[in-house]
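Enquirer: Using the sequences plus the hints, can you model the full thing?
Number of protein chains: 2
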Amino acid sequence: MTRAPRSSARNGSGDAAGPSRRQLLIGGAVAGWGAALALGLDNAARPPSSSDTSSAPPAQDITGLRGSAVVPCHGEHQAGVTVAPQARSTFTSLDLRDEVDADALRRLLRILSSDIERLTSGRAALADMEPELALTPSRLTVTLGFGPRLVQRAGAPVPGWLAPLPAFGVDRLLPQWSDGDLLLEVASDDPVTVTHATRMLLKNARAFATIRWQQHGFRHAYGARPDGATMRNLFGQVDGTVNPAPSTADFDDLVWIREGWLTGGTSLVIRRIAMDLERWDLLGRDGREQAVGRRLADGAPLTGDGEHDEPDFAARDGIGFPVIPMEAHIRRARSADTGQRFYRRAYNYDDPPGPGETSRSGLIFTAFQADPLAQFAPVQRRLDELDLLNEWTTPIGSAVFAIPPGFTADGFVGQTLLGR
Amino acid sequence: MTRAPRSSARNGSGDAAGPSRRQLLIGGAVAGWGAALALGLDNAARPPSSSDTSSAPPAQDITGLRGSAVVPCHGEHQAGVTVAPQARSTFTSLDLRDEVDADALRRLLRILSSDIERLTSGRAALADMEPELALTPSRLTVTLGFGPRLVQRAGAPVPGWLAPLPAFGVDRLLPQWSDGDLLLEVASDDPVTVTHATRMLLKNARAFATIRWQQHGFRHAYGARPDGATMRNLFGQVDGTVNPAPSTADFDDLVWIREGWLTGGTSLVIRRIAMDLERWDLLGRDGREQAVGRRLADGAPLTGDGEHDEPDFAARDGIGFPVIPMEAHIRRARSADTGQRFYRRAYNYDDPPGPGETSRSGLIFTAFQADPLAQFAPVQRRLDELDLLNEWTTPIGSAVFAIPPGFTADGFVGQTLLGR
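For the record, the sequence lines run as chains A and B.
The first sequence begins at 1 in the UniProt record's numbering and counts up by one.
The second sequence begins at 1 in the UniProt record's numbering and counts up by one.
The set of hints was computed from the structure by calculation and includes no laboratory data.
Note that the coordinates shown come from a computational prediction; the quantities given were computed from them, not determined experimentally.
Note that CB positions come from ideal geometry on N, CA and C, so glycine has one too.
Among the clues, some could well be false.
Partial chain B-side listing against chain A, Cβ under 8 Å, derived [claimed, not checked]: (1) M129; (2) L133; (3) D190.
Expert: Printed below as a string of structure tokens:
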């Protein structure tokens, strides 16, 4: 774990040739300490503990600006699962170092939980050397997820679904986008805040774990479109219309786990899906609409007038063909079993193109559900068998994480797994 | 150049097994045409010409939402130079294909200018297959820059400054972040808009050029902080305090070129500067403030009270040492020659860390000036000789572009170079 240095040496203000680098490092460290105190980071010098959860207001009043918007981090569930999706999200998957045991995990998760409390409320993290970057939370949330090895290290039985998903024929999975022991999802409407918060968490985690992969995702900027408008992906499609909203009647049944240490938690499937924009470009709007089964303009099913109209899968056109093709994505994704549903919060990605490429874009598909094998896998199996969209999309990464329940001001994320 | 296919074949709605991929491609293309017409993209079927510059309002009224904010693209100067910096900017550098001559360049620039007119006003580009992604310009601007080879291909003399900068000792330049023939800077407050607009421009450019490099940059989200607040970089520093604003008296003299085809244009230096956040972390706040010469909290010079106070470089502390160290960045960057100034619009970058790394972050430094050799180079030479910040920063990319003047509704960007 990296903390601010605590040398007690203190050099002067430098001589004519300037302070040496070494002098700066030593002098600066101590002055930095003073500055941290002056900024009210009074807990910075103490090891993190459950008492580091003061609810002091942010150090700087930026009320009225969008940057000051705060999503409370405490509660039955982790706040990032159901908050209206923020404009930017960075997913970082970590591999635990070999020596990290249950005790070390407990320390790590206490530290991260303390950081989460501070950063999401607009306060600097412990040992935050750039506290000014913490002042614009912009609806910052941090969601932690546990891979199977982390649960093993904690000494608990690993749920059957907490493992790589069954193989699908469409998969072209790369290790650099798959799996991991510990997930940090950091999301905010402000990209600078996401970057800074991610960095603070990784600084405090790096003595315990190394980075396996990191993915940056984005949606439309906050305020650019009407509140609650369904996102569009980079194919131009309305993406996520049929999605159990946190307000719908069976959301709790679909998403929250109700037994054991995961009570109040859920599971998260992350699939990195490359989208071949070049080949998609060769397809006209009619072909695109048939591939999905929805109109591009407004997301309405081909049989309906509005985005949220129920598709009529039985409808036929004048010459007897199905209006929504048999292999359209929305027909293949649908099941008569209402339990085969999950809660999606996808983000777009757009990496710089490689040599000879014009784009390297896609979707960071995410799905929360109580049981990925019972809810996500059957849908994906149907899409794997037949889905027109498969022509233009390729899953290149896949990971499953247990999302532990929320935490309280005197607890930490993962406490139900690791105890005090 | 890629355009929507124009087959006149049209298949039915598919049979029970669904339309073949080929049928979809053909059928879809034609229906896509109909859809484009229905969306009012009435110019889509015609080759671009100077008459493609109707000022029709956006196809969808999103007035009142931030997404509908438009920056007019026409004028004496390209609009992206002086607009208040947007939250996100993507810089793409292209290499011209060998066969591209002056005539082809003229065609390319007419097409791009038409795309710019449409996209910046919230309308779909020509042959835009995702027109819905064009409806939230969010202050979109597109700035074109010309490298030396492009000017040569146009048959014009290349300005002496339009070449790689002189070598500096701190440089560790990589070809994949340096140089190029044609720059597209696409900036908007909405990252989806930046992605879509970049893609549209690249689709239309790819018959003429290949991508050399692409860099994504970001600042705080629009509205997260007070309007006009100086940005912070990922070191946490207030970055860009001393910067001739477009409203200052000598801005025009510093930035705009006043002779030849570049009259009303300028030059752009782009430096990709890696910032070693891990080593920066070892430095306390005092050391950080001495390295720069400004306070981290508010950006005030170490001798002042407010960000915009004039630094007192003569001030000494109680034991006679300079308050602002001799090697502090702001002392070394300053010249008695007021002509050695330029207009900066930096963006942060944050790439996924490589193996063993915790971060891969930095700054996309940009500077506009009438003459980079007379204005930027002397400052960089002083910083190269001595600047404490060099300990933690490394230039890894560098490019210089001529930024042609703005254009009118019946012209195109580059017309003063290429003629009609």
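Enquirer: Looking back at the hints listed earlier, which ones does the structure fail to meet?
Expert: Violated: none.
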